[in-house]
Each structure stands twice: as C-alpha cells, then as structure tokens.
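Undergrad: The primary structure of each chain is shown beneath.
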Amino acid sequence: MGLWKKIFGEKKKEAKAGKTMPDKKLDKNLETIKAMLKDCDDIVYREFEIGVDQDYKAALVYVDGMADKILINNFILSTSMVATRIVEPTAEELKQQLSQHMKDHTFAVTEVSEQETMEDAVKFALSGDTIILLDNCEKIFTVGSKGFPARGVSEPVTEAVIRGPRDGFTEVFRFNTALIRRRIRDTKLKVKQMQLGARSKTDVAIMYIEDVVNEGVLKEVKRRLDTIDIDIILDSGYVEQFIEDDWTSPFPQIQNTERPDVVTAALYEGRVAIVVDNSPFVLIVPGTINAMMQSAEDYYERWSIATAVRLLRYFAATLSLLLPSLYVAFTSFHPQMMPTQLTLALAVNREGVPFPAIVEALIMETTIEILREAGVRLPGPIGATIGIVGGLVIGQAAVEAGLVAPLMVIVVAVTAISSFAIPRYNLAIGFRLLRFLFIFAAGALGLYGIMLSLLLVLIHLASLKSFGVPYLSPFVTFIEESGDIGDTFVRAPLLSMNNRNAHVNPNNRNRMDDRRRENFGDKEEK
Amino acid sequence: MMLTLIITLSMFLTACWDKTEINDRAFVLALGIDHIPPSEQPKEDREHKALEKVLGEHAPHYRMTYAFPKQMLAGGEPTVENIIMSSVGENIYINERQMKARVDNQLFLGHLKSVVLGEEVVKTPQMFREVLDALEKDPLISRKVNLAIAVGEAKEVLNVEPKQESISGQFITDLFMGEDRTNRAPVADLDQLFISLHDNSNAAIPRLTGAEEELKLGGAAIIKNYEFVGWIGELESMGLMILKNETDIFVVTINADGINIPYQVTEIKTVYTIQQKDKEIKMLIEIEAEGDIVQYFFDPEEDVLDPALLEKLEQEVEKKLQGIVMHTVEKLQKDLETDVLGFDTYIKRHNPDLWAQVGKDWVEIFPTVEVEVVVDAKIRRVGLTK
Amino acid sequence: MNFNNNKVSAPQLGSIILLTVVGTGILTLPRALAENVGSDGWLLILLGTLLSAAVVLIHSHIVKSFPNKGYMEIISTCLSKPVAYIVVALLVVYFIILNGFLVRLFAEVVKLFLLLRTPIEIIIFSLLLLGAYLARQGIETLGRLAELLIPIVLVPSLILFLLSLEGGDLGNLYPILKTPIPNILKEMPTILFSFLGFDVLLIFGLYVNKPQKIAKSATRAILFIGALYLVLNLSVIVKFGVPQTTHLIWPTISLFKTIDFPGLFIENVEGVVMGIWVLIVFMSIAPILLVKVILLQDLFSVKDNKCFALPLLPPLYFVALWGASLAESYAYLDKFVTYTAPIVTLGIPGLILIVMTFKKKNKKEGEPNA
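Chains as they are written, first to last, in the numbering used here: chain A, 25 to 550; chain B, 4 to 389; chain C, 747 to 1116.
Excised from the complex, chain A in its bound form (with noise of 0.2 Å):
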C-alpha cells in the first residue's frame, strides 16, 4: 500500500469535533438519533429485549425501504430474539461482554462494524444499513442490509453492439464496481472509495491498474477530486463538470461509458475511472477524442472490418461538421468549385426559394435539431415516430412549398445522420453546436471563413489537454510515437499492438508476447 499512502497521503484520523459519542444509555442514544432524525417519518425504530432472561434491552434502526427487511427479520431479529435465550455462556459474562458475543455469535450477516459516532451510525443507515443499539454498551453496531429498489444489470441504451457483452453499469455504485472487478481478477485492481458532496455524501471510487497507471494522471486526479465542495452529486456528470480542464470548450474532456468491457480496456491502457453512485455512467480520464471516436465493438471483429468503418466514422464526423457550411460556401460563394450538371441541376432546383442559402441551412438545421430533441423527450415509439413523420413530411413539404432546395433537405438528412455516427453523444453534440459557427462563417466568407473557422476549432483542439494528456494525441505525437496510430482511424489487428498506447503514457508498456508463431506458426514446414 506504499504508492497509496505516498500519494494520498496518511488517512486523516476522524476528527471528533463536533461529533456525538455513543452513551451508555439506550435510551439515551436512542433519544440522539430521533433528534437527529427529527420530521423523518420512513424511519423505523424497533425495540426489544434479548437474553435468556429477556432482559436486557436492545434496538435497531433502520430506513424504510433502504434496508432489506428479510435479512433483518431472519438474521437479526431472530436469532438475538430467540438464538440469545438458548444460549450457553452464563449471565454475568453476558453482562460483560454482550457486545462482543453479539457481533460474533448472534448477528448472522456478512457485515457488521462498530461506529465509533452517532453521526457516523446515521450515515450507515440513511445508505440503508441497519443500525444495532445495545444497552449498556458503549457500542454502536451497524449491519449491512441494503436493500434498496435498485434497476438491474441490463444492456447499455447508448452504447449498444452488435457483438460484444451486453451488460451495462446501473445506478447502484457497488454493482458498478462489482461489474468492473468481476472482469479483472488481478490483485492490481485498485478501488480507493471517497465520499463527495457535503451533504448527499455520495459514493465514489477511483479505479486503476496499480503497475499500469500513469501516476501523474492518478494523483492529479485525486488533487481535482479533493476540490470538489458541493452540497449534492446527483451523477458522474457534475464530476465530469468539476475537474475537467476547460469548461469553457464545446468538446467533454472525460470520456463517459455505461459498459463495463469498455473502463477495463481503459484501465489496462494506464488510464484511470471514476465510478460515482447513482449514475451508470462512469467517468474514465484522460479523455482523448480519439478515445471517444471508438466503440468497444471496433476490438471485437476483425481488423479489417474495425478499421473501414473507424474510416466512416472519422468521414461522419468531418460531414457533420461541415457538410452544410460547404453547402453554402459553394452555392452562393463559389459555383465554380462544382460540377457543371450539378450546378446547373441546383440552380434550376433552387429558382423560387427566397431565402439565401444561409438562412435556408438555418431554418432546416434548426428543425432538424427540433425534431431531435423532441425525439428524446418523447417516449419510445413515439419518439421514433416524430422523428420519421417529422423529417419526411416536414422536408416534403418545405420542398413542395418552395421554402428550401430539395438538394438542402438531403444535405441537412445527411448531416443529421453522419453526426449520429459519432459513437459518443456528448461529443456529437460539441461538433453540432460547432457545425452552426461554419454555417455564419461560410455565410459571410464562403470557403475561406470555413476554413479560418476550420483552423479556429483546431487551433483549439490543440490547446485542449485531459489530464496532462493533449486531446488530439495520438494525431499531435505520431511522428515521436508512430506505434500509436495503429488504434485510431485505422484498428491495426490485436497481434501487433503489443504496446498500450504511449501518449497516456503508462507504467509499463508491454501489452503481449506474440505466442502464435511458437505454437503453430511452422505448421507449413512439416
């Protein structure tokens, strides 16, 4: 544990300030967490009496709903209510040591601690653990018997494959990290949980590969993680929002997923995740746009196949962006850049509408943005139909009205398809947002404003950096690290990456040693 406590330092011991110790009185504390629980109407306390004699007085508290209440009937209600009066050891060492022989003869759980506050006790139970309360004891036990609603394993909405598995992280954060550790059965998995929020007190665990992770990116992540002072987290997003780099940049420098294949391929690639309660999306940095051009599917069919459509989908995200800036740079700044037959077919096609070919762009864009938006809201079936009715009969009819060119419908249709393409929807939406500043800038210098606005978007990519990691790398480092352009627009087959990755710049590189010519690559030759 020497890297843990070299990085994070020593664990601060529980300040007692301010805190209520457990008293000896039952009553007494039981009065302490009613107090502190005051108007809260979905806890139950309940109180009873366990020995031989039935004598001595005990409670529990715990969260309606939160807790499991099986277990605590079966595990803990009855055996102190009934295992205790069958019990051996006499009275006097009871007395002594009830506490003791509770925790390790009479609570049938898995997990049981003692807290050495109130207040550390009510946190246990509002995360819906049971609280234990003995009388004459000094003690204050807390069960772990969540049981909360919780929405099971199932396969991630916005990351779907045709191959590959098809569980998906939910919202309960042990499952999370339970999905993530059942992939890797190394004693180098590291989970280090912190709680962020001062009063949600939200669950959260940074995860890595202890000999692969880039240790500069773990300990600034901590650093970023240790300046968050919110009341509430409702989800990984508002982390994201917190330590990334730039907030001011369109484009998300965290790379977000809801599959757990996908945060363990990062962390063996030296990168670290960030798993936060209530969100199946767990956070994974550094965030590299060519990160978040991939898809888990790209690693699981053939090289060949993986790397011509990573081609189509860096083309999708060029056309998304540009497409209808081109659209107006060429017919109403330079026809002569196209085709003869198509220029003389859109200027017929074009006679009649009355507006310029900006404002035409932006009246379909915007409809087209409309109608996505809409679609989302919408409940499923609907959803998918608004989308169906509302692009076809809206271009239809805007066409037959003469309001936009026929061929500006298929240019907004393609846009709107290419930009679905993009496998991430966060950064879909960053080249959206972005796709709107070409379509002014084509409308006021044609060619030459997209291309300043060209430079102008690259110019601040280059600027951007994750975590110490620049967001175009590999593309701004390939000449220094040319290995690394074998996982980017093209997927080179699995048996020559033998590296991770060197712009994360990992521990330890060395991915594999290629057995496959030893075991039955002279096959030929016999």
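By construction, these hints were calculated from the structure, which means they are not laboratory data. You can take every hint at face value.
Derived pair list, reagent style DSSO-like, types lysine-lysine, alpha-carbon separation capped at 27 Å:
#1 A:K243 x C:K956
#2 B:K282 x C:K924
#3 B:K247 x C:K924
#4 A:K225 x A:K214
Chain A is already provided as a structure; the job is to place chains B and C on it using the hints.
TA: Quick look at chains B and C alone, frame taken from chain A:
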C-alpha cells in the same frame, strides 16, 4: 478579448460582399467572340460623342455572344431555357458589364466550357492576343476550356439550335468531350493552346462549322505568329494528331483486290529522330501502328489469317498512313509554312546545340527541312470470322 | 506528465519549421526558377536544400550549446546586453515586415480566387485575429497544431501532384544541365529565400524538451521541404514547360487548376487546393507571430506574454496594406529580403558561433568562466 469577439461577430453578421445565390447567376457555358468590321459598328450616340473627348477614341469592335441556360419558374415549375445573347463593346470585360443591364441574373464565367472565336478575330493578331490574355488572366475561367475557331462568325455558330441537346453551350462542349471524341480536329483546351503559343506562337485550333441545325467539329485553323494562316482539312488534322501522338483509335480504309477494308487503329505511336548533315536537317518520323481488321468480305476466297495476306494488308495500311501523314507534313511545310508539328520543340530539347544555330531562323528553315516518314503497321485481330 | 504549457517535442519543432518555410516558398518558386535557370531548377533546389541544411545545423548547434536560454540571453551572453536589446528589437521589426508582406500576398490570392468583392482589409483582419488567438495559446498548441496539420496538408498535396501529372510531358524537362554554372550560382539567393523561415528555430529552440534532438528533426524538415519543392518544381515544368511557367504569377495554383476530375463531386479541385493553401499559409504566418510575441516578452522581460499578441496586429495590418498593389508588395518584399535575410539567418548566428568558439578556446587555455 470581448472587443475582438464583438468585432468578429459583427463582421460575420454584416459580411456578404461576394454572396450571390446560385439561382441568381447565369452560367455561361459557351462564349462566342467576333470581330465587328467598322462598317457594321453601331452608330455612336451623342452621349458617346461627348465622352470621346475625355476618354479618347474607342471603337467597339468586339461582339460577345453568351450562351447560357436560364432557369425560371414557369407555372410554378422550374424550367430551363436556352438563352443566347450578344453585346458589342471595346473589350471582353466591358461587354460583360454591359450585359448586366439586359440580364436579370449575374453572368458567371466560372463554368465556361467552350470559347468560339470568329474567323476575323484570329485574322487580327492584335485582337487574338487580347482575347487570349483575357482568357488566361481570369481566375474564374478554367484552363480546361475548349477553344474553337468558327468558319465565319462565332455568333452564327452559337445561334444554331442543335436538335440533340436543348442547351447549345452544353452541346458544343459535348462535341469536344468524351472517350470517342473526334480525331478529325486537334485536341485544344486553353491549357495546351497557351503552352503551345507561349512556346513558339504557333498553334492548331479546331474548326467549328455551323449548318442549319447542326454543328460540326472538324479540321483546324493554323495559327502562325498569333495570326491565322489557313485551314487544314479533317484528314490533315488526323495526320497532325498522329504526328503529335494525340490520337489512339481511328479507322483508315484500305483497298486490296477491289475490297474496301476498314482498318481500326487501336494504338499508334510516333517518334521523331533528327538526322543532321552539316546544315541539312532531316527529320525521320517513325510511326508504329497496331490495329484490327474489322471487316473483310463475306465468304472470302482468301483466308484472312493467312500471314501472306496479312502482310499484304499491313503494307497497304502502311502506305495509306504514310500518305496521310506525308500529305499533312507537306501542307504544313510548303503551303502554310508553320511548325505546329513540334519539330522546333524536339530540337530544342534533344539537340540544344543545333537549336542555338538554327533557332533564330527557324521560320525560314522549317519549310526546307527534309522529312521522311516510316510506318510500321501491325494487324493484331481480324474479328470473329476468317 | 506535463501540465505546463511551454514544451514542444523535437519533431513538433520540425513540423513548425516545415510549415513555416513551405508557406513562403511554395507559391512562386517554380516561376522564379523557370525564369532564371529554365528546366534546371531541380539542381538549384538540391543545392539550396544542402546549403539550408548546413545553416540549420549551425542554428541548432547554437541552441543546443545554450540550454535553457532564450535567443536574447544567448545574444547577450555572446555579444553583450545592449547589443542584444538592439538586435532583438530589430528582429521584431524584421519579422513584422516579413510577416506583413506575406499576409498581403496571401490576402491577394484569397481575394482573387475566392472573394473577389470582399474588402482585402476584412480578409487580412480575420486572418490576423486567428493568428493572435494561436499566439495567445502558446508554443505548445502551435507545436501540436503543426504536427497535426502535416499529414492533413501533405497527403492531399501529394495526391494533387500525382493527379496533375496526367497530361504532362516529361520531355519538358529537357534540356538537362544546359544552364551555365555562373547563372546557377547567381540564382542561389532566390532559392535560399524560399527556405526562409527556418530561423524560427533560434527562438523556439528554448522550448524543446529534448534539445539534443533538434538538429536531427530540423534537418529532416529541411530535407523534406527540399523534396517537396523538387516535386513541385518538376510537376510544374512537366505540366507547363518553361515558357508557360514564366508567364504564371502563381504556377502552383495554376497547376492544380488544370487537374481534370470528371465525375467527382468536386469537379475541379480548386476548392481543395484553396483550402489546403489557407492552412499552409496560416501556418507560416502564425509561428512568426508567436516568435515576435516571445521576442517582445524577452525584450520587456515580462512573465506573461499573452498581452503582446493583440497589440502586434495593427503594425502587421499596416505593413500588409503598405504596398499599393501586388506588384509593389512583391518588389518591396524582394528588396527587403535581399538585404536583411542574410543578416538574420547567417550574420547574427555566425557572429554568435564565432564568439562561442573563441570563448571555448579561452576556456581551454585555462581561464575559468570567461
């Protein structure tokens, strides 16, 4: 930073100097340029007379004819109309401006495909050079534009309404284009012409002849020192193209034993070699042709696959090709005295020392150069029957 | 991990040099060569490349010998402090003038081919604003952008060169080696000016994380530029021949305009050409802007250099609009470069080198800390 942002934004929002919607442009596909003889020049009105004192004398001796498809709404449905309009002015650009007063769309030369020059224009070197420079300077006009010389007036040629294609500019362009473009007129887009004219101020430019409802591309105008010196016919153009390695597929007809046999050339290659004896320069032109016999005779008495017959036919082909080429060379040497064959370029490149001696007087020397044409023809295929 | 914003890798510096140099020379080089040495331009390019590579080696040697020292510090250690102030101030002026003319030429081309009626002021202003934005982002962004743009610019350019060869005549390359040698030597300045811009190495050298690698990367960049110029020159000559080339103001653009691409969405590749061209020229203007910002920072010994980017724009803008016409701008540029460039690229570094060796000798003779 805020300030620059505001400036940039306002710039974006107000800027649109170059914006012209695509449907507000008139895409000129073909351009005709004619010389107007002084007698036909429009009478000057008073306005002009008064201005002449200030501006100096300018004779409006150019007539530009623009052919463009015009898109318009007819009963709510967009349609295309073939428009041909002419305007007279002192130079090409004045005309373009003048046309603005008569066309509701903005004339746009970015998609210009062909330029047709009237015969009179090339007969005046001054005008021809003016026109050429205008075409070369304009950033919008592509160097791939085809240039042709009209027999008579360019306007007449453009006014022909071809039956096959409703847009006349498009039709002229199509004549130049395509895989199987005619081999009866030299290849001449502006790029090649400029290169040739910059090199030795000679060129061969295709000839465009207009009839009632048809246009024909064939033959060529020979330009010597930026001046028109004469026409060459279609067969001579073919000879020229063979010499300049610009054609591949064409048919020559040979006659053997009273049978007319078309020989389709599939590959042909010409190589110049220079043979110098003292001051005497001799050009040896070696031509290698490959081709098929595409027709012989139904139920022939002789076997077409018989090597002896093939040999005989090959000799006929050689004789024929040699005749065409030799005739072309003679016409260019003796009649027109213009080196569009590239002899000078060849000597410049491969024998710069010789060029240093003869270069200055090449115009005089060229007609005296002795030329020998050697043809080697091969028959590769004879079709499905023998 | 590098959380600072002031280090580039040696290959990134190489990329910066490559783009800076190419932007200036690529436009007019084939014409200048055709005018003066006919079809033997390739020989001149080879000589020029070797010579420039040698100069670059000198520059990188200087940078390497003074680790963690800016150009101004180098000058002041070698040639005393007041001299350094004067030299750096003059350098800033030099770069402003050079840059201004380049901006003007660029704007003229954009105006001619893309925006015929847009005021040239707007074209210049928008470009400069973008350059200032990049200068504010600092050297690291510049380095990364350069490395990113190298394939984006070069791959399509090479494809264009290949396409442009269609219809060309290899015979245009004849006659070979017929230009008299004095003529070739006389034209050495022309070719050296098209390599102008590699002097950014002297200023950016400080920011390279592995200084010992500068020499390799920089020479590689120069050789690459040489190869690129060679391809460019050969393509233009093969396509147009010498007589036509001498008549073209921008032979490179004309070359690409002849590419015929029937059936493709972009029938004539002019759009692609102009797009790439904007990238190239921007990348030769922006680094020099940053050079000025860094020099000014040294001059006023200020820690934060961001504040210099915007104030530099007005002088640049005025220099850009100095010449009344394109011809005048060209003439000014030619004159200016002929007199000043040798001093900047050779004179000052040469002086530093001499002082350096002199001091080294002194040290060897036993004078400590001379």
